[in-house]
Structures are given as structure tokens and as C-alpha cells.
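If you're matching them up, the sequences are chains A and B in order. Counting from 1, one number per residue, gives the positions in the first sequence under the working numbering. Counting from 1, one number per residue, gives the positions in the second sequence under the working numbering.
If you're looking for bench data, these hints aren't it; they were derived computationally from the structure. Cβ coordinates follow ideal geometry from the N, Cα and C atoms, glycine included. One should not assume that every hint holds.
Keeping only pairs whose Cα atoms sit at most 20 Å apart, straight-line, the calculated SDA-like set for lysine to any residue is [claimed, not checked]: (1) A:Lys3 x B:Lys193; (2) B:Lys110 x A:Ser60; (3) A:Lys3 x B:Leu39; (4) A:Lys41 x B:Lys34; (5) A:Lys41 x B:Ser32; (6) A:Lys43 x B:Asp28; (7) B:Lys110 x A:Lys41; (8) A:Lys3 x B:Glu33; (9) B:Lys34 x A:Ser10.
If you want the footprint, here are the derived chain A segments under chain B, 3+ residues with CB under 8 Å [said to hold, decoys possible]: (10) 8-15; (11) 55-68; (12) 91-100; (13) 138-146.
Each chain, letter by letter, is given below.
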Amino acid sequence: MQKGDDKNVSTFTRQAIEEKIPPKEILESGLIGGMNVVGEKFKAHEIFLPDVLLAAKAMSAGMSLLEPFFIKGGMPTMGKVVIGTVQGDLHDIGKNLVSVMLTGAGFEVIDLGTNVPPERFIEIAKKENAPVIGMSALLTTTMPVMRSVVELLKQEGLSGRIKIIIGGAPVSEEFAQQIGADAYGYDSTNAVESVKKLIEKA
Amino acid sequence: MREIIQISIEDVKPARDDVLKAQGVPFDNEPSEKVQTLLKRTMDLFIEFSQPVGMFSEISIPEFEIIYRGEGLNEKNTPLDEIYRKADGLFLFAVTIGQNVSEKIAGLFKTNEFALGSMLDSFASLGADKVADSVEIHLFNLLSKKGKISPSKGISRYSPGYCGWHMSGQRRLFEFLHPEEIGISLLDSFLMKPLKSVSGVMVVGGKQIFDFEDSYPFCRQCETRTCRDRIETLLRESRTNNKKGAV
Chain A
1 MQKGDDKNVS TFTRQAIEEK IPPKEILESG LIGGMNVVGE KFKAHEIFLP
51 DVLLAAKAMS AGMSLLEPFF IKGGMPTMGK VVIGTVQGDL HDIGKNLVSV
101 MLTGAGFEVI DLGTNVPPER FIEIAKKENA PVIGMSALLT TTMPVMRSVV
151 ELLKQEGLSG RIKIIIGGAP VSEEFAQQIG ADAYGYDSTN AVESVKKLIE
201 KA
Chain B
1 MREIIQISIE DVKPARDDVL KAQGVPFDNE PSEKVQTLLK RTMDLFIEFS
51 QPVGMFSEIS IPEFEIIYRG EGLNEKNTPL DEIYRKADGL FLFAVTIGQN
101 VSEKIAGLFK TNEFALGSML DSFASLGADK VADSVEIHLF NLLSKKGKIS
151 PSKGISRYSP GYCGWHMSGQ RRLFEFLHPE EIGISLLDSF LMKPLKSVSG
201 VMVVGGKQIF DFEDSYPFCR QCETRTCRDR IETLLRESRT NNKKGAV
């Protein structure tokens, strides 16, 4: 996986299945475990974004082989995260990268895409019983939408129950504090770490 | 003066090092064989899906004043506010690398080709800037032929959403320029579709007019600071020309 070799990841996953290793163990120790190593190497600047994304593709190749074993109860996850780019903004590369990294870390990501209205974030988080909403913005003009989501969450009495993490080029820790978001992710790996902390607290 | 320019893909191919930098790969790091293959595959996709095109239209200073004022949301003091009043010529411009690239990027992410999608996104962003560079060069050559620009003069470009010029300035810019003619539309949020497009004003004038201190309040939030390199390049050219003149 660290070499981004999807064919080998598929071969080894198939081999593990044939050897009757429990699918949950293959997933957690093999695929997510491997991706955690990749994440650590990325954080230590030993490897870079293209390597991480090649590894993520390799992981998804293994995951697709495991999916049939989890049809009944669903794939075991670290938790659900509803993610999207805020209303008025169509930039999605940063959001996509966070989504890939969260999936690699074992979270179930519900990606709402771009141009997402505040109400939609909350509606889906409630419907899916997701403890975290992740929002991305690349424009200073669309950052205020993040505040709207935080306020709407307060109005519905869901603050604390549903945590909010924000990110994007113009967004800062200071802005996150100002609007009352629970966390700020300065890059995709940091976002994953922050989400893990939010879920632990939940 | 108004023109639509079809641009060769050869002229807008991003440099390998620029793509790697955009992907967060340090300059001194030799990419793995896999990443090198990825670069090659992405370049092939970029060539296949890009449709670079640009346009410009001359505008007077009083006309531009109306466009620049826009919806009245600009920062109080901006470098452009100082610069355009001293210009010898102003040209609104819009360029795009096309919608097909954006659709391809989205498709790659959907099929778990994350690395290709992310790298093509970097190619497309850098490519769109290179389309703007091509239009700028084309304009310079055109003005040179007409004797309207001398070596002591230069061109620098500015876009809504940067350097204190509020994004809402796009509305009036679009009303004047009509970038729809080259397939660019403006969304309610003032974003352009295709996303990998650039619009703004090209200012023609004496190179010294483009120099400014990056001490405006909004400069603190700016992470790119590409203005520094551009100003330095323009002023360096100016110094070289002055020296040649002295000899």
C-alpha cells in the first residue's frame, strides 16, 4: 500500500480472505493500519501528497473486496462525517482530499459535494446520526456560510452533539474560534487527527 | 481593441517543477517512479482535455473606474486603485482552460483515481494561469507592433478576489467584457464556470507604477504573494533596459 501498488493490495487482501482471516481484522489491521503508516510518513514529510493518494487508491482496491462481507451490518467505521464545500463555493479539491484521508483512516464519509446550503449539512448529519460536520471554503466571500451552520446548529439545540470542523485556504484557527466551530484542520492529515479527537470527545 | 485568442496547448503546459510544488513535493525531492509515471499520465490527460482560450478588450480609465468600483465592496485602499489611474492603457481579460478538464477531474475522483485527479487539478490551475500569461504576451506583442508600448513599459494583471478588489467586481467586468463568448459564465457567487478560469484587468504602463509595498491589511492573509515575483521581474527588466540605454 505504501508503494501505491493496488494490484498487490488486491492480491494480499484476497489471500487474507482465503486464509479465513476475519474481514474486520483485514480491514482494521491490514488496510486501515497500512494507511495509518502512510499518514504518519506523510506527516513526517517522508512521502508527499501524490504518494498518499496512490496509497488511498490501493486501499480502496482492498476495501472493495471486503465490502460483500459487511453487507448486513455495514462496514465497521470509526464514525460518520458529513462533509461538503459551503454554499456559493464550487472548489472541491481540498474537500476531496480530506474525504479521501478520512476514508483511509476508517471513517464513513458522506460527501455532499459543493455549494451546500447550511440547512443541508444539518439535515443530513441528523438523518445519518453523524457526530461531525466538516466544511470547506476557498473564498473569503463564502466563509460566512460556516458561521450560519454553527448558528443553525445552536438554534436546533445540537451544539455539542454534532461537532463542526472547518478548513480551506482562507480559513484559520482564529476564524474557527470566532464563529464557534469545534475544530480547524489546516491540512488533510491534520483534519483527520482533529476529527479523531472530536469523535473521542463525543 | 478587442480580440478572442485560441491558444496552443503547447504554450500552456505547466512546468514539471511547478506541478510538483503545487502537489507539496519539495524542490530537492526526486519523485518516485510511480509519481513520475503519474506526471506523464496527467500531462497526457491535460493535453487531451484542455481547451485553452482567452480574450481581451480595451477599456478607458473612466469606464474601468465604474467596473472597479463594482458593488462598493472593495477594501478602502488597494494597490490597483493607485495603479490603474496612472496607466497608459487598460484591457479587461478572461481566459479558461475549459470545462472538460473540470469534468475529468471530478470523474477521476469518482473512480478512486485520487492521485491523477489531484494532479490534474494542479495542472489545470497552473494551465489557466499560463493561458493568462499567453494573452498578456500576445497583447504586449500587438501593442509593440503598433508602437504603443516601449521597453520601458510593462503589463501587469489584477483579478477580482485578490489584492483588495472584491470578487463582486466580476459582475460589472462580465457586463462589459462578455466572456460568455468564450464559454465562461458567472455564477451568483461571482465564481466563474469553468472553475479553471481567470479574469481581470491588464494594466499597461511605466514599470515603476506597478511597484507597491505589501503592507496592506489584506496582504497579511495572502499566502501566494505572487505579486512580489511579478514586480521584481518587471523592475529587473526595467533596470536592465536602463543600463543598456546608458551604455
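Hints, verified against the model:
1. A:Lys3 x B:Lys193: Cα-Cα ~36 Å, so violated.
2. B:Lys110 x A:Ser60: Satisfied, since the Cα-Cα distance of roughly 12 Å is no more than 20 Å.
3. A:Lys3 x B:Leu39: holds (16 Å)
4. A:Lys41 x B:Lys34: The hint holds at about 17 Å.
5. A:Lys41 x B:Ser32: holds (15 Å)
6. A:Lys43 x B:Asp28: holds (18 Å)
7. B:Lys110 x A:Lys41: violated (26 Å)
8. A:Lys3 x B:Glu33: holds (10 Å)
9. B:Lys34 x A:Ser10: holds (18 Å)
10. 8-15: Since three or more residues must qualify, the claim that chain B covers the region 8-15 of chain A is violated, with 0 doing so at under 8 Å.
11. 55-68: holds (count 4)
12. 91-100: holds (count 6)
13. 138-146: holds (count 4)
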